[in-house]
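Enquirer: Quick note, the sequences are listed as chains P and W, same order.
With the first letter of the first sequence counted as 1, position 87 gets the number 87 in my numbering; the numbers rise by one all the way through.
With the first letter of the second sequence counted as 1, position 47 gets the number 47 in my numbering; the numbers rise by one all the way through.
Honestly, the hints are just simulated from the structure, not real lab data.
Quick caveat, the model's predicted, so the values are computed rather than measured.
We put the beta carbon where it would ideally sit given N, CA and C, even for glycine.
A few of these clues could be false.
What the hints assert, rightly or not - Between beta-carbon pairs, the in silico distance windows are: (1) W:Ser22 / P:Pro188: 12 to 22 angstroms; (2) W:Phe13 / P:Phe156: 50 to 60 angstroms; (3) P:Ser126 / W:Glu188: 25 to 35 angstroms.
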Amino acid sequence: MSQRDAAPCAPCAPAPYLTGHEPVTLEDAKARQWSWNFIFRGMSHNWVLSALIFTVVFVFWEWGLKILEVEPFIFPRLSKIWEETVHMWAESELLRHTWNTCLSVIIGFVLGSLLGALIGYLFGMSPTAEIVASPYILALQIAPKVAFAPLFILWFGYNETPKILVTVLIVFFPILINVLTAVRGVDPAMVSLARSFNASRWQIFWKIEFPASMPALFSGLRIGATLAVIGVTVGEFVGGNTGLGYLLVQGEAGGNAGAVFSTIIILTMIGILSYCLVILAERWVLRYMPKRKFGDVNN
Amino acid sequence: MIRLQFDKVSKYFPPVRGRRDSEGVQAIKDVDVAVEDGEVVSLIGPSGCGKSTLLNLGSGLDRPSGGNVFVDGQPVDGPSEHVAFMLQKDLLLPWRTIRKNVEFGQEIRGLSAGERRDRAMHFLGLYHLDGFANHYPHELSGGMRQRAALARTMMMDPDVLLLDEPFSALDAQTKMVLQADLARTLQEEKKTAFLITHDLVEALALSDRVLVMSRRPGRIIREIIVDIPDRNDPMKRRQHERIGPMMAELMSLLDISKTAEEMAA
Ligand SMILES: Nc1ncnc2c1ncn2[C@@H]1O[C@H](COP(=O)(O)OP(=O)(O)O)[C@@H](O)[C@H]1O
Ligand SMILES: [Mg+2]
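With the rest of the complex left out, here is chain P:
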């Protein structure tokens, strides 16, 4: 970063070369500052409207439900959910379960990403390996990954391993596919350029294919970050006695919609947090890219 920021502001190009496309260096540097508003950059929101809608939803959830006399075990009011959260914090070790889920999300996500990326690059570099393995990979991709949870429990018992394995399995595919597609899609002319300098296969990978795959890798990681939460939750549903998935099952058994809602909200927040962390990493790694608009959910 510091190197970029210190870049001189282009005083040197003589007049005939100016083409009207010259970049505005200082502003660029400022926009790239590593900070929290980094993540919302490009969100050209109408803040007033957003705040208004938020308030309406909030008010309805709390007082609308009261006026409509919705039963709390069907759809609890916000204050009820809050009450349940405080209760679970005190009585059911909410913090420990939350931390346990977070840890599983992190471990599963990291392992799944590493494995997906590794195999993606391997297949990208060796078409033979892909041809040999692709039927199995395809079958595994089509199979509903969460259905493997009971099997993993049979194999490994009621501990952390099954849910992490489910997560690894779920996270693995989008990253594998994205990396593979990216490595295949590298501009052959760029590879030719490197070859013309007599680059080795290894140099072509490190200096062209790997960096060229970064945008796609991060698209995969974004998907993986949200899928990881699903994987862990399902794993905890099926077996074990730790994590927010376990609290969900407990809440359901006790007919406690407030506890279920509270857990769903915390799980969602974990998902949002991991997604945002990936975006932050992406913004940093891909800082060379032209600025994209990050307002939409699906870019």
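Place chain W with the ligands on chain P using the hints.
Expert: Structure of chain W with the ligands alone, referenced to chain P:
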């Protein structure tokens, strides 16, 4: 001394296996070209006639199916450190700053970081890019990017430059400025260059000789010696009185009026 030589070079692209509609293509046939040391030779011809194919053979990235390619009398059997190419696409790596892009070739060759940096800054200065060393390619205009590509090419200190329509994506004014930069460099550094272009004025303004290629399978059908002074100053050369008649000759050779009629029909 002959720097670059194509000796009865042919290239046949076999049909793609497993694709029924795919036919083999005889891209070029029995092409003979010899480029002397310090000479600039342009190649023009209808699109699809095999010009880029010829250049790929010269760079050692592809092998001929017949004949031989020589650089400095040595048969070409792979990319050579005496040859560098530059294409219409600038091929700047988007994740590298301009300086790092210019260094790219020497980085692969294993030149030390310090020396690389110094030389890159030298070439960036030469092409008026020193203020943009730490910018990323997307922050530069098309003309500046192509100058960076030129700097990267010159950084390899090649004896022979292979240029495949290097300026054809640029607007007319930017193009003229870059042509002037290139012409000056070629003259000062006494480089040998083989330039593919579809711009007849560019061919005449920059080179010592212009070769005309036929439609596919490409053969050299005509050679025009451009004995006009000021090869290092294309702006001046463009205005020379003999450019007009040479243009007319090239146009008739390329059947440009006929092609236009065909397209209209
Ligand atoms: N790798 C390839 N495989 C098959 N055909 C090719 C390949 N490269 C070029 N050709 C064919 O060879 C002919 C000449 O191509 P090219 O040299 O690119 O023409 P030019 O540069 O003169 O426009 C074209 O018909 C093209 O389709
Ligand atoms: Mg071509």
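Enquirer: It remains to establish, for every hint, whether it holds in the given structure.
Expert: For each hint, the structure was consulted:
no.	hint	verdict
1	W:Ser22 / P:Pro188: 12 to 22 angstroms	holds, 18 angstroms
2	W:Phe13 / P:Phe156: 50 to 60 angstroms	holds, 55 angstroms
3	P:Ser126 / W:Glu188: 25 to 35 angstroms	violated, 46 angstroms
When held up to the earlier numbered hints, the structure conflicts with hint 3 and nothing else.
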